[in-house]
Structures are given as C-alpha cells and as structure tokens.
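Just so you know, the sequences run in chain order A and B. Just so we're aligned: the first sequence equals residues 705 to 944 in this note's numbering. Just so we're aligned: the second sequence equals residues -9 to 447 in this note's numbering.
FYI, nobody ran anything at the bench for these hints, they're computed from the structure. Just to be clear, a hint being listed does not mean it is correct.
Simulated pairs of lysine to aspartate or glutamate, DMTMM-like, Cα-Cα distance not exceeding 25 angstroms [what the hints assert, rightly or not]:
#1 A:K709 to A:E856
#2 B:K299 to A:D836
#3 B:K211 to A:D836
#4 B:K231 to A:E796
#5 B:K187 to A:E773
Chain A residues, not near chain B, derived (Cβ > 10 angstroms throughout) [to be verified]:
#6 K722
#7 K876
#8 K880
Bear in mind that the values here come from a model prediction, so they are computed numbers and not experimental data. Glycine is no exception: its CB is placed at the ideal position from the N, C-alpha and C atoms.
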Amino acid sequence: MIHTKDISKSYSGTQVLKIDELDIPKGQSFGLVGNNGAGKTTYFSLLLDLINPSTGTITSNDIVVSQSETWKPFTSAFIDETFLIGYLTPEEYFYFIGDLRGQNKADVDALTSKFEDFFNGEIIGKKKYLRDLSKGNQKKAGIVGALIGNPEVIVLDEPFANLDPTTQIRLKQILKDLAKKQGVTVLVSSHDLMHVTDVCERIVVLEKGEVVKDLETNPTTLKELEAHFAKSAVSASEEE
Amino acid sequence: MIGIFVFLGVFLFKILTKFFPEQDPFVVANGFVFFWILGEMGMRFFLQKLPVMSVKPLLTLPVKRSTVVNFVLGKSALSFFNFFPLFLTIPFGISLINNGYPISQVLTWLLALFIISLIANFLNFILEAFSSDLNIPFLPILILVGGLYGLNHFGIISFTEIVANGLLAISNNPIYILIPITILVALYSFNFKILRKKLFLDASLKTKVKDVKAADLSWTKRFGDIAPFMQLDLKLIWRNKRTKSMAFLMVIGLLYGLFFYPQPTYRDMEFMWAFIGIFSTGFFLINFGQFIPAWDSGYYKMLMSQNIKYEQYLRSKWILMTMSVMIMFILGIPYIFFGWKILIAHFAAAVYNVGVNTHVIMWGGSYNRKKIDLDKKAAFNYQGTGAVQWLIGIPLMAVPMALFGLLNWLIGFELAITTLIVLGVAGIVLHKQFMAMITQKYLDSKYKMIAAFGKDS
C-alpha cells in the first residue's frame, strides 16, 4: 500500500530523515516509535505531502504523493491540533470534513454516533468551540475527524498523548478494529511503548532519522523495545 | 515617530510664537494638553495591554500575591507609552528655560505632565477591565473620549481651560501637584483592588468560554460545491475577534465618502470619485482579501492534506468579496444625493473592483507568508502584513484612480467611466482563466506557505 523508496529530508545540510526502503502492506497496523527528533512527524508529513522530500519518493497505492493529489480521497490524518479549526464546534468540524470527503450530514452522524463511548459525552452537543475544549477532548475530535469518509490510510501522530486512561483503552480497540475488520492501513506514532505494542502488528524504531529496528509484534516485543531504549539511556549517561 | 516628537518639541516654542504672537506660548501649549490626553487615552486603549499574562509563572513561586500585583502594575508604569510624551515635553521644557522661564516652574510642569501620563496609564486599565466583557469593547472609550470632546467642543464644560488653568496653577504653586498625585494614588489602589481579585488561574488568567450561537447558513447551498467553504468563511468572519472587528469597520468604509463629498472642494475633484468609489465599495475586499489565505493559516496543514480543490477554496473567497462589493454599492446608493455622476463613478468602481481587484488581491495572497492569530484585535494590528500587502495597494487603488483621473481630464467623464467598466467586465469574462492562473500560483507555493504558517511569528 505505502512504499517508501530512498526518501530523505535535510534542512540546511542537516539530515533529519533517511529511509532507504520501507513497505507497509494494506491493512497493516503500523507503529512508529522513537525519541524526540527521531523523524516520526517528518515521515508522516512527507507521506501527506506537507513537506517536500530532499530525495526519493513515497508511493501510496501506486500514486507518488508529491506528484499527484489523487491519494487524498483515501487518506486522512490527524497530526496535531493545527488540523482542527478552532472556531468551529466539533459537529461543524465533522460536517465540514464530511463535505470535503463527499459525506452528507446523515453519513457523518451515523459515523460519529458509533463513537459515543469514546467521546464520553464531552464532544457532541456541548455548544463549545474546538478552541475552547481541553487538549484531550480536542484530540478525540481530531481523531474521529480523521475517520470520516472511509479512508483506506489513516495517519495518527501521537494519538495517545493527552488522553485519559479510559479513552486510551477505547482508542486502542478502535484502531485494532480498523486494521483487522475493515482492512484499513493505520499508521501510528507514539512515545508509549506499551500502547503501540498493544495496537500495532509491526513496529519500526527510528533513531536520528534512520530505521534501526523493524519488528513483527509478538509477546516479547515490548521487552525488546524497552531494552533498546534503556540501552540508549544507559549509553547516554556513560557518555556524560 | 519619536523623531517627529523631538522635532516638534524643539520647535514648538517658535511655532507657537509665530501662530499666536500675542499670547504666551506656555499658556497656549497648556491649552492643547486636554486634546493630548484624549488622544493618548484613545491610543492606549487600542494599543496598550496590562502585562497580566506574564505573571502566570510567578503564581506558583513563593511570592506574595500583593507583590505580584504590585509587580504587574509597576511594570506597566515602565511602559513605553509613559515615556513617549517626554520626547516632546522635555525639548519644549528646555526651550522654555532658554526663553527665560524659571527653571523650577518648568520642572514642576514637566513632572505634572508625567504624572498625567501615569494617570492615563492606570485609568486605561480600569477602563479595559470594565469593557473587556462587552460585546463592542471599544464602546466605552468612544463614549468617554467622544463625550469629553463634545462637552468641550460645544462649550458646555470647557475642559481645555480646566486642564490648562490647572497646569498653570501647579507650575506657579508646586504644592498643587499633590492633587494629581492623589488622583494617581487613588487610581493605583483601585487597579490594585481589581487586579488582586482577578489574579487567579480561573479568573482573569483563564480565557473565557462562550456558548456557540450557530446561525443558519443553509442558503449557501445554492453555491453548490463551494458551499462548505463559504460556510467556513462566514463562520471565520463572524466568530473571531479580528475578523469581526473588521466587519464592523465596514461601516467606516461605507461612510468614507461623507468625509469628502460634503465639502465642495472635494466634490468637484472628479478623480477623487474613483478613489472613494474603489475604497468604499471595496473596503471588505481589501481588508479581507489581503490576508487570503493567511486567515486559514491556523489549520492550513489540515486543508492541504484534505481532499479539497484549491480552485473551490479560492472561488468561495472570490464570491464572498464580490458579494461584499455589491452590498456596499447598494448601501452606498444614497450618495446620489451629492450628484448622479458620483453614483455612476461608484458603480464603475464597483465593477472594476469585482473584475480586476478581486483577482489582483488573490494573486497577491499567494505571496502571503505570515501567520495570523485570529483572536487578536483588528485595530492597529499589522500581524500578517508584509511588504507585498502594501505594494498590492498601488494597483488596487492608485491605478484605477490615475486611469480615471487622466482619461477624465484628457477626454471626458463618459470615457473614463466606460474604461473602468470595460476593464471590470473584461476581468469578469476572463474570471475562469484568471482563477486557473491564481490557483497554479498557490499550488506552486504550497510547501512554503505550510512551513511559514507553521511558525509562530
């Protein structure tokens, strides 16, 4: 589904991302982990054609994302709160996204009604602007906004951050269902190793812009990841 | 600005002696102080804010609450606004001393003026504290300044004299300076009381949450595929401080002609008609258009990753601007009172606005690289304004004005009008082609815009 080839991005000579080859098959739930500055958001931004690659290409469903826009109808994303429109209410925001993706009000209502649990009664019908919601509730609205219009690829950057524990668990269930039952390719990044290992079938570790680990999730993956990041913490303290 | 002030200060004495040869320049200068204060209050209200947010980190530190309040108020006393007048008054004071006024008198006078500045400083914060909850936040200041000016102007209470005599009395008898000092202390303690009550995270430091009042925008459906964007734009205008005050300013644009037409000198200057026509029918066009697409800078990334047609996004803005021109023209029909030729000139200007200026301003928008924070006030807010925004003003206003003026002078009114209309109609006919060009321009600068809008300026 998503094929990355020789992609790299540098800012004034400093390389922030360099991936030689990365294939994400359709329907895979894919997790990206790494410390701050490892290149997770850069990779997602390249995938969404929000920044221009220095070299290489990302192909989504045989479409080179930086050359054509036809990948947009089947791709959706929530990267950060700048994906929200602060002066709309959550409902208006959902309808707006729905309009852009060819969904009428009834379609959108049908979809959002499935997330009543997830919203925990704090989003719909509150007559509040998105800009006035708490960080966690903004995130909930943004994530559900990214599910509108039956996308085949969903990109979520740090979806678990700022969510309360109950919502985190509900979100994990939602993401698993999307990949398993509906065959959606879900790309998630996170700092929380436990959450990604729970949700993702495959986990890629980025370090300084490069892929250092590519794991199929199994019961020992969490241990392995923890060991990996503990090691870099230890080696960092030894260097000091 | 400072340069002008210093210059004025140095030469004020000479200027006053020249214009009012029979009077004492010092007395004349005091006569202006009242107007100075009014102007200062107006300026402060729109430009100066109590630096209250800067204390958020102090609240959790072991500092007494009253110390924090004193810190905020003290900090405001060091504001540039309070020292600004000194650039004028000190040079003037020096020239007074040079011309033989007693030093002690001049010094007391300077001190009194400085205290007046501080009084204005603290009075302004009280005013802001009370008006911040109102729907039209600048109403109280308008009433206050306008009211005082009116009372003075129509001779009901002559504040000019009160202030002037007060200042004279103080400089002649320094003991009277205690009066402004007392006022200052009173205002300070009043501010202290207000602020102390408000300095909690859940009071003034927390932004207020208002309930949403949604209007029915289903009428936009008749515009077909661009309806979602039109609804978004209308909500953008109505729900954000900066755009909302811009919408209110349209009244000024509409009434702009009234500054000129009542005076026969201007009414007979035909080239002014085109200018006023362009300006008053295009007021919204210019103010809204120059910040396309920066209005959407806060969520530009999202728009760019969505399945949107750029052309639809831009066409929605175009229709909005076109509608505003038509509405402004219709509301301006009463200008016919000053002559039917004026109305025809306005009509030609409106057509030119729709056909030419809308496209020019949107083309200029593709050079927008500055983020706009929608929650800031509009007056004197130049955020998002770059060199291009100023440059674009030339073809928008100067070109039609020059064209009209020249043709009108060389050949005649009819031809000048026809030219503007023909240009406008040509623009409307070529609308599709222009839009395609503009859209391409926006697409070309997509990455640059995303990167620029992502930065906090």
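The hints, checked one at a time:
Only pairs whose Cα atoms come within 25 angstroms are accepted, and K709 of chain A paired with E856 of chain A is accepted, the gap being roughly 21 angstroms. The hinted pair formed by K299 of chain B and D836 of chain A fails the criterion: a straight-line CA distance of about 29 angstroms is larger than 25 angstroms. Of the supplied pair hints, the one linking K211 of chain B and D836 of chain A is violated, its CA atoms being roughly 28 angstroms apart against a limit of 25 angstroms. Among the hinted pairs, K231 of chain B with E796 of chain A is consistent with the structure: their alpha-carbon atoms are about 19 angstroms apart, no more than 25 angstroms.
With a C-alpha separation of about 55 angstroms, the suggested pairing of K187 of chain B with E773 of chain A is violated against the 25 angstroms cut-off. At the 10 angstroms boundary, the C-beta of K722 of chain A stays outside the reach of chain B, the nearest C-beta of that chain being 19 angstroms off. For K876 of chain A, the shortest C-beta to C-beta distance to chain B comes to about 24 angstroms, beyond the 10 angstroms cut-off, and the non-interface label holds. With a least beta-carbon separation of about 24 angstroms from chain B, K880 of chain A lies farther than 10 angstroms from that chain, consistent with its non-interface assignment.
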